[in-house]
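Q: Residue numbers (my numbering), protein chains in the order written: chain A, 35 to 262; chain W, 967 to 1209.
Don't read these hints as lab results, they were simulated from the structure. Among the hints, erroneous ones may be present.
[Said to hold, decoys possible] The calculated lysine-lysine pairs, modelled on PhoX-like cross-linking and capped at a C-alpha distance of 25 Å, are:
1. A/Lys136 with W/Lys1192
2. W/Lys1194 with A/Lys136
3. W/Lys1156 with W/Lys1167
4. W/Lys1030 with A/Lys136
5. W/Lys1101 with A/Lys136
6. W/Lys1001 with W/Lys1192
Here the structure is a predicted model, which is why all the values come from computation and not from measurement.
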Amino acid sequence: MRKRFRLRIHEALEQMYFLGVQSLPIVFISLGFVGLMMILELAFHMRLVLKHDALVPAFSAVLMVRELGPVITCLLLTSRIGAGIAAEIGTMKVTEQLDALKMLSIDPFDYLVVPRWVGSVFAAISLTVVAIAVSLWGGALLAIQKLGTSSGEYFNTVFFFVKFPDVIRCLLKAAVFGTLIPFIASYQGFRCGTGSAAVGEAATQAVVRSSLAIIVADFVLTYLFYAI
Amino acid sequence: MISVKQVSKSFGERRVLNQITMQVAPGECVFVLGKSGVGKSVLLKLMVGLNSPESGEIHVAGLKVDAENSQTLAQIRKKCGLVFQFPALLDSVSVFENISFGIRAREISVNPSEIEAKVREKLSLVGLNEKVLGKFPTELSFSTQKRVSIARTLAVEPDYLLFDEPTTGMDPIATTGLNHLIKKLSQELKVTTVVVSHDIKSAFAVGDRMILLDQGQIVFEGSAEKFKTSTASLAKQFQEEMF
């Protein structure tokens, strides 16, 4: 049974940069547009059902913090890094680099998985914060333009409805999703067969299974946080 | 000493090694010969626990190779160096880092200047100069990658050196240089060496003893002189290749 693992600081910092900082543009653009889309959709439905749209900022912010922020960010992160991790480790297995590490007394788990885990959790949490901020700002701009809300009114409503525990739970979700991605992707890489087709299959499976795991874990966490 | 007792290994329905028994004495250089796919590389990997045998036992330096016992396995691997058939260099780091990794991991040296000196020494042993130190493996030719991989293995100063097809993809000059190096390590430093190959010329030039594998079994075991007169059909085919 495994008792401890070693954190390689240099590799972890590299992964934090690669997984976190380099994923910023895709998260920035995607979540910005999600924020805009939510304002439009919620405004349409609230006008249809409730005949007014005063609570659109509040609902969109709550939905973003509690669900869409961490989930969409980590699904994007999965598509960007999950396949990469699985393909990299799979290729290392096929080309005997994993065996070479073992022969040099370097544990492949310590060298490959732990830094990616640290990098991925860092990326998931920080990108979720950025994603929520971007979507709220995007939503604010559209709400001011389309709904005639003032910026003060928009953010007052948002901060009234979004509570501090919601933020903590949101970050916890991000941390869990950020853990699932590298572990599932690394597992796919380590169990990769031989040949380039097997590496491709490992990469595909990493994205599919990580995405599924995130969606299932989101339900479980939401249930634990809000339904019990 | 490396001791292999009644070792068998199958992949699916195919039995690759069948009740293999062999020994390699300290300081000895043994060539394991055979056609491609006969299980030579598998035998090497079994010796360092990268694969597990179905039956039989392997002992290295008196320690039983057991994939389940990670502590003993770590001890065995610290004594061994394995040069893979393909270079197996970590392609995300430079040549310097590839060679120095093992030195740091095994704590052979922690002083950066000592580590650098060791890396340069091992690199010159395999006929490379410091120009390649900052390069990444993908920037090097296959032959140079292979030499870097040998330097990486030598850098951890193993008592047991295992080579998997060391001369594959190398030019004749590099092959001769590598043969001299294996001989030197075996004779001067008393490193116990097992070379898996189908390069019969290298086997004659370097090996103290030869083992010929065919259909999962040892069909010949003995000196180069004895090999020349062997009547085993596969040995005869190898002799024709040589003479």
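Q: Hints first: check each against the structure and report whether it holds.
A: Hint check:
{"no.": "1", "hint": "A/Lys136 with W/Lys1192", "verdict": "37 Å, violated"}
{"no.": "2", "hint": "W/Lys1194 with A/Lys136", "verdict": "38 Å, violated"}
{"no.": "3", "hint": "W/Lys1156 with W/Lys1167", "verdict": "22 Å, holds"}
{"no.": "4", "hint": "W/Lys1030 with A/Lys136", "verdict": "17 Å, holds"}
{"no.": "5", "hint": "W/Lys1101 with A/Lys136", "verdict": "23 Å, holds"}
{"no.": "6", "hint": "W/Lys1001 with W/Lys1192", "verdict": "20 Å, holds"}
When each numbered hint is compared with the structure, violations occur for hints 1 and 2.
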